[in-house]
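Asker: The listed protein sequences derive, respectively, from chains X and S.
Be aware that the first sequence starts at 1, since it is given in full-length UniProt numbering, and climbs by one per residue.
Be aware that the second sequence starts at 1, since it is given in full-length UniProt numbering, and climbs by one per residue.
Don't read these hints as lab results, they were simulated from the structure.
Where is the CB? At the ideal position from N, CA and C, for every residue including glycine.
Be a bit skeptical, because a hint or two may be false.
[As the list claims (entries may be wrong)] So, partial list: chain X residues that the calculated Cβ filter (under 7 angstroms) puts toward chain S:
hint	residue
1	44
2	47
3	239
[Stated by the list, open to error] Using C-beta positions, here's what the derived DEER-type ranges look like:
hint	chain 1	residue 1	chain 2	residue 2	range
4	S	42	X	27	32 to 38 angstroms
5	S	42	X	182	38 to 44 angstroms
6	S	42	X	181	32 to 38 angstroms
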Amino acid sequence: MTQRLTYPDVVQMAVPVFVALILAEFLWIAWRGRGGRYETRDALTSLIMGAGNVAVGIALGFVTWRFFMWLWQLTPLDLGHGWWVVALCFVLDDLRYYWVHRFGHRIRWVWASHVNHHSSQHYNLTTALRQTWTGTFTFMMIVRAPLILLGFHPAMVLFCGGLNLIYQFWIHTEAIGKLPRWIEAVMNTPSHHRAHHGRNPRYLDCNYAGVFIVWDRMFGTFVPELGEDRVDYGLVHNLGTFNPLRVAFHEWVGLIRDVIRPGLSLRQRLGYAFGPPGYSHDGSRDTSDRIKAQHLARHPEDAGTPGFEAPRPPAE
Amino acid sequence: MPLTVLIPMVVLGIAGIALLLHLAGRSQRCVLTPVSAEMAWLRQFPGDRVAEATVARDGHAALILTDHGPGLLWAFGADTVARRLLDYDLIDRGDRLRVVFHDFTAPTVTLTLDPFERRHWLNRMQTP
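Next comes chain X alone, as it looks inside the complex (with noise of 0.2 angstroms):
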């Protein structure tokens, strides 16, 4: 069984190609007048983000690393390193992600981790950056355990998570539009992408996919970025702080505060832990679903288009 097998950091050797592609796509913006739109703050706290991303990785990757290397010690299967397994491994990768963000989106366990990259109401190069610092926390890592299980070398699991991390970098653009059909059709592509930053009541909870869009078609979750329904960038409740902390830290915050106070049942307890974002025990708050019933309470005429095909709860 391989023991030792190592790759490079890709994250950590794209940073300048980062660096160098933000600037780039500014000029490109500040040049041709459209194509996006940058704030110093919002920039600024986003990159803050992605350098703590970087920090605890560095700081807390130890904890990851070492389930994954038990998880090895147990399988009794090896796939080796040949480039077709790094391949499937990659493919394979790419659905764990898949599952790994749609968690992300509907507990809200997860969703305190992830929501910190959807606090911009900006979407550039910078977005990309806005990542979290509690991913450790939300023990996500298990989800890639059938993975090493299945006998890819854990240095090879995480190297393809990398590529896909980097492949995630670019789409998040309003400088590129929508690209030939058959790309659109197997990837993720910036249109793609902007529909799910989108907060408008279509754009909740759709495009999950890392790498490959086929994944959302597979499952029912695609939707299109409408031109009719420009995207608007953001979370339901904006952020009113550029604070990197309390952006950081606002929904463990808030899931905290939920879970302790006093007089609720344990399963009404469970559900503000775990239950969809905006779930509530007495109803005062919105989920996406009832977001979605409200929107078309007022608007029944997009009844049936993308975003609000499945059948709804009542709006209340």
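The hints should help you fit chain S onto chain X, whose structure is shown.
Answerer: Quick look at chain S alone, frame taken from chain X:
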């Protein structure tokens, strides 16, 4: 990549981009009009009916009266943020009025209002 290379690269990259954006005029705050303030409020609270939108003279905040009670909309960089005036404290600092929300996601807003505006806003903020 050694940390002795990574850290300076990240720090200089962040500082350089922030400086470039600032020098290119990307630090300007959103300026509101009564119409844009109403639209921005409805973007946050689409189910509301806006009765009145009073924009501060500096254009960086608006007091919104709705069928759900009063709310505050303010410039947040190039964009806006809105909150209902439900759970907050006011600190009057002469030419500035500080609104302290009991909200971890939007802790404080500082409003620059002249004496006439301040009286008017204080009166309206307490309108049920």
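Asker: For residue 42 of chain S and residue 27 of chain X, compare the CB-CB distance with the range 32 to 38 angstroms and indicate the outcome.
Answerer: holds (35 angstroms)
Asker: So, as I understand it, the hint says residue 239 of chain X touches chain S; can you test that by seeing if any CB pair is closer than 7 angstroms?
Answerer: The hint holds - residue 239 of chain X has a Cβ within 7 angstroms of chain S, the shortest such distance being about 5 angstroms.
Asker: 32 to 38 angstroms was suggested as the range; check whether the CB atoms of residue 42 of chain S and residue 181 of chain X agree with it.
Answerer: Cβ of residue 42 of chain S to Cβ of residue 181 of chain X: about 35 angstroms, so the range 32 to 38 angstroms holds.
Asker: Once the shortest beta carbon distance from residue 44 of chain X to chain S is found, is it less than 7 angstroms?
Answerer: Holds. Min distance 5 angstroms.
Asker: So the hint says 38 to 44 angstroms: do the beta-carbon atoms of residue 42 of chain S and residue 182 of chain X match that?
Answerer: 39 angstroms Cβ-Cβ, so the 38 to 44 angstroms window holds.
Asker: Checking hints one by one. Is residue 47 of chain X an interface residue toward chain S, by the C-beta closer than 7 angstroms rule?
Answerer: Result: holds, 4 angstroms to nearest chain S Cβ.
Violation of the numbered hints given earlier is absent; every hint is satisfied by the structure.
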